[in-house]
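Add chain B to chain A, keeping to what the hints say.
One line per chain: the protein sequences are A and B, in this order.
By my numbering, the letter at position 202 of the first sequence is numbered 242, and the numbering carries on one by one without gaps.
By my numbering, the letter at position 159 of the second sequence is numbered 160, and the numbering carries on one by one without gaps.
Think of the hints as simulated: they come from the structure by calculation, not from any bench.
You may find that some hints are simply not true.
[What the hints assert, rightly or not] Within a straight-line C-alpha distance of at most 25 angstroms, the following computed SDA-like cross-link-like pairs (lysine to any residue) qualify: (1) Lys297/B / Arg130/A; (2) Lys146/A / Leu319/B; (3) Lys48/B / Ile377/B; (4) Lys297/B / Tyr111/A.
Quantities reported herein were computed from a predicted structural model and do not represent experimental measurements.
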Amino acid sequence: MIVIESLTKRYGATMAVDAVSMVIERDSITVIVGTSGSGKSTLLRMINRLVEPTSGRVLIDGRDTESEPGYRLRRRIGYVIQGHGLFPHRSVAENIGTVPRLLGWKEDRIRARTAQLLEALQLDPALYSGKYPHQLSGGQQQRVGVARALAAEPAVLLMDEPFGALDPIIREKAQDDLLDIQRKFGTTIVLVTHDIDEAFRLGDRVAVMSEGRLVQCDRPEVLLTRPVDPLVARMTGSAERAMRLLSLTTAGEAALPLSANDADGDGPVVPTSASLREVLSELLWRGGESVTVVDENGTPRGRLTVAAILARGRPR
Amino acid sequence: MSTSGFLLRRPASAQDTPALGGVDRLGALLTLVGAAGLFLLPFVAFKANRIVPGDPRSLAQALPAWAALGCRATLAAVAAAALLATNAPLRLAAAVAGIVAVAMALAAAANGLTPPHNLIVRVAPGAGFWLLLAALGLLATDAITRMRPGPGVRVLLLALFLGVTGLTLAHGTFDNVSVMREYAVNRAAFALAARQHILLSLGSLGAAAIVALPLGIFCHRVPRVRPGILGALNIIQTIPSIALFGILMVPLGALAAHVPLAAALGIRGIGAAPAALALFLYSLLPIVANTVAGLKRVPPATVEAARGMGMTRWQRLLSVELALALPVILTGIRIVLVLNIGMVTVAALIGGGGFGTFVFGGIGQAATDLVLLGAIPTVTLAFSAAVLLDALAEALDRVPR
Numbered sequence: 041m042i043v044i045e046s047l048t049k050r051y052g053a054t055m056a057v058d059a060v061s062m063v064i065e066r067d068s069i070t071v072i073v074g075t076s077g078s079g080k081s082t083l084l085r086m087i088n089r090l091v092e093p094t095s096g097r098v099l100i101d102g103r104d105t106e107s108e109p110g111y112r113l114r115r116r117i118g119y120v121i122q123g124h125g126l127f128p129h130r131s132v133a134e135n136i137g138t139v140p141r142l143l144g145w146k147e148d149r150i151r152a153r154t155a156q157l158l159e160a161l162q163l164d165p166a167l168y169s170g171k172y173p174h175q176l177s178g179g180q181q182q183r184v185g186v187a188r189a190l191a192a193e194p195a196v197l198l199m200d201e202p203f204g205a206l207d208p209i210i211r212e213k214a215q216d217d218l219l220d221i222q223r224k225f226g227t228t229i230v231l232v233t234h235d236i237d238e239a240f241r242l243g244d245r246v247a248v249m250s251e252g253r254l255v256q257c258d259r260p261e262v263l264l265t266r267p268v269d270p271l272v273a274r275m276t277g278s279a280e281r282a283m284r285l286l287s288l289t290t291a292g293e294a295a296l297p298l299s300a301n302d303a304d305g306d307g308p309v310v311p312t313s314a315s316l317r318e319v320l321s322e323l324l325w326r327g328g329e330s331v332t333v334v335d336e337n338g339t340p341r342g343r344l345t346v347a348a349i350l351a352r353g354r355p356r
Numbered sequence: 002m003s004t005s006g007f008l009l010r011r012p013a014s015a016q017d018t019p020a021l022g023g024v025d026r027l028g029a030l031l032t033l034v035g036a037a038g039l040f041l042l043p044f045v046a047f048k049a050n051r052i053v054p055g056d057p058r059s060l061a062q063a064l065p066a067w068a069a070l071g072c073r074a075t076l077a078a079v080a081a082a083a084l085l086a087t088n089a090p091l092r093l094a095a096a097v098a099g100i101v102a103v104a105m106a107l108a109a110a111a112n113g114l115t116p117p118h119n120l121i122v123r124v125a126p127g128a129g130f131w132l133l134l135a136a137l138g139l140l141a142t143d144a145i146t147r148m149r150p151g152p153g154v155r156v157l158l159l160a161l162f163l164g165v166t167g168l169t170l171a172h173g174t175f176d177n178v179s180v181m182r183e184y185a186v187n188r189a190a191f192a193l194a195a196r197q198h199i200l201l202s203l204g205s206l207g208a209a210a211i212v213a214l215p216l217g218i219f220c221h222r223v224p225r226v227r228p229g230i231l232g233a234l235n236i237i238q239t240i241p242s243i244a245l246f247g248i249l250m251v252p253l254g255a256l257a258a259h260v261p262l263a264a265a266l267g268i269r270g271i272g273a274a275p276a277a278l279a280l281f282l283y284s285l286l287p288i289v290a291n292t293v294a295g296l297k298r299v300p301p302a303t304v305e306a307a308r309g310m311g312m313t314r315w316q317r318l319l320s321v322e323l324a325l326a327l328p329v330i331l332t333g334i335r336i337v338l339v340l341n342i343g344m345v346t347v348a349a350l351i352g353g354g355g356f357g358t359f360v361f362g363g364i365g366q367a368a369t370d371l372v373l374l375g376a377i378p379t380v381t382l383a384f385s386a387a388v389l390l391d392a393l394a395e396a397l398d399r400v401p402r
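Chain A extracted, bound-state conformation (with noise of 0.2 angstroms):
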């Protein structure tokens, strides 16, 4: 758990993060949005403590992050940038050892936590080890980024803009690759972006900053239909809010229980892991009134009516 204490940076006359407090859970994803010059960026370096705070104070795991030197906190702590920062002069697997070495683990457990990453990241270390940044593709470079950050098995992960470089349909291949990472290995993630659909794929909670402020952080549902600040909602987007809404359950969550004349079977049927708003776009497509919902096995665990899906995409 990371606790962050009316953390303030200030250059001069500027406030560049002005008393930000904020707790973010273990093993979430945690992305922090806004505007370029919000403060976003400031914020999250003065976690692994890049940027010095001016004052306030964060706790990681209840232990001060001042209590230890700069770059031995940072050992402990994973990070990505935009535009990856791999060693251009050194090979894939030396990039991914680097803070192993750092912290002085023998070769051989390098070596096997490299290969474990390499394949949790669907690049065959046989294949990649060898290779120098400059021979792969933007995201095999960005996978790598990824790696060399989790390599010394941090407890947490920053991440700065990380799928910035990437093009749309590597970068939903990214997001899903980290919603994978993370729960394969349970590590806290902090993230930022300006990319307000990213923060609603990827957050457990969104925190919305602005000229320096904390405006709100909440579950991505609650800044839906509860927003504090009207630029929470313009942000949201309130011409998306209700697609958004829908986009954040899964059709399992939402199944209404099943009635004895839907055993039959033989309409449409969507997995419950689709979310509400591809069910209600397959609906208004097919011209149906309701469908059913059916696990990995294809066995019915519930019902979706266009009128049951409609009243969740209604603040309640």
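Chain B only, in chain A's frame:
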């Protein structure tokens, strides 16, 4: 480009001279130069003693008929390869064969023209010999460039060239050639000059590197000081070397006169001290400038990532910034070493020693052979240093540009 050239798929590049109607342009130029050397200029100069002007002798006059014919036939074959061959190894082989033929002709001419047991008469290489050697040397280097050898192969080729040349000289093949005659009487002085020359050029470079590297890092870290430091070093660079030697003689002379310790260390107004100091000062700018340029080349995201991963300042500087800047820094060091090897020659004027003593001694005595005894090893040394450091810089550069 000719059809045959196209079929052989010669890689197109700047080093590749385009063929003109099936004839290689560079080959044509070099053939013209070589032919001029062979037919219009004397191959050797025959001198009654070491300082009188020479009596020109052509290849035919200097060699027995069969030997002259053999040499000309070989050179004709080389010209044919230079004009028509597109295969780089073949061109290289032809150039090497040409160099061997011309060198052997020189040795044979010297042996044939010198009366037995006569140590007064001199047979000096003439303008024709030098022109032929230059044309063949260019043909060889062009062929090597076209083959694009890796750094290891280039060092190997250099070692091979130096080794064969050294063995031939040691064997006494050229003992009757005028330059080797000068060597024979200056043997001890030559060894001393070689030691001084290498020590002065490497020593000033080493001292400069120790100062210039931190200075370059400082300039990179603190952009405010950069224009001042680079500007000052630039001004030093514009002072002509002789003037700088002269300027340094005054304070160093005063230092030696007033500080006994300095005098005991061998510091004097003339000699090696002002030479070493001047070379040191000249060496600073290329190393500082290249260190700054090399560090500037390091991507900011890479340095930021290194910091974010918990590298300390020193770790970042050594294993990321300097590691990435190293090839550019080595290029600066190469420039300095080659410049220094040349400039040490001038240091002989103020008693700095080195091969320059032969050059200026030779000029003073009007003995061209003595000038060559100083100039040839200087050029060889500079050339070898350039090849070695180029290869080193390339071998260490794992980042494509």
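Against the structure, the hints:
1. Between the alpha carbons of Lys297/B and Arg130/A the distance comes to roughly 19 angstroms, so the proposed pair stays at or under 25 angstroms and holds.
2. Using a Cα cut-off of 25 angstroms, the hinted pair Lys146/A and Leu319/B holds, with the two alpha carbons roughly 22 angstroms apart.
3. The straight-line distance between the Cα atoms of Lys48/B and Ile377/B is roughly 21 angstroms, inside the 25 angstroms bound, and the hint therefore holds.
4. For a cut-off of 25 angstroms, the pair hint linking Lys297/B to Tyr111/A stands: about 23 angstroms separates their Cα positions.
Comparing the model with each numbered hint stated earlier shows that all of them hold.
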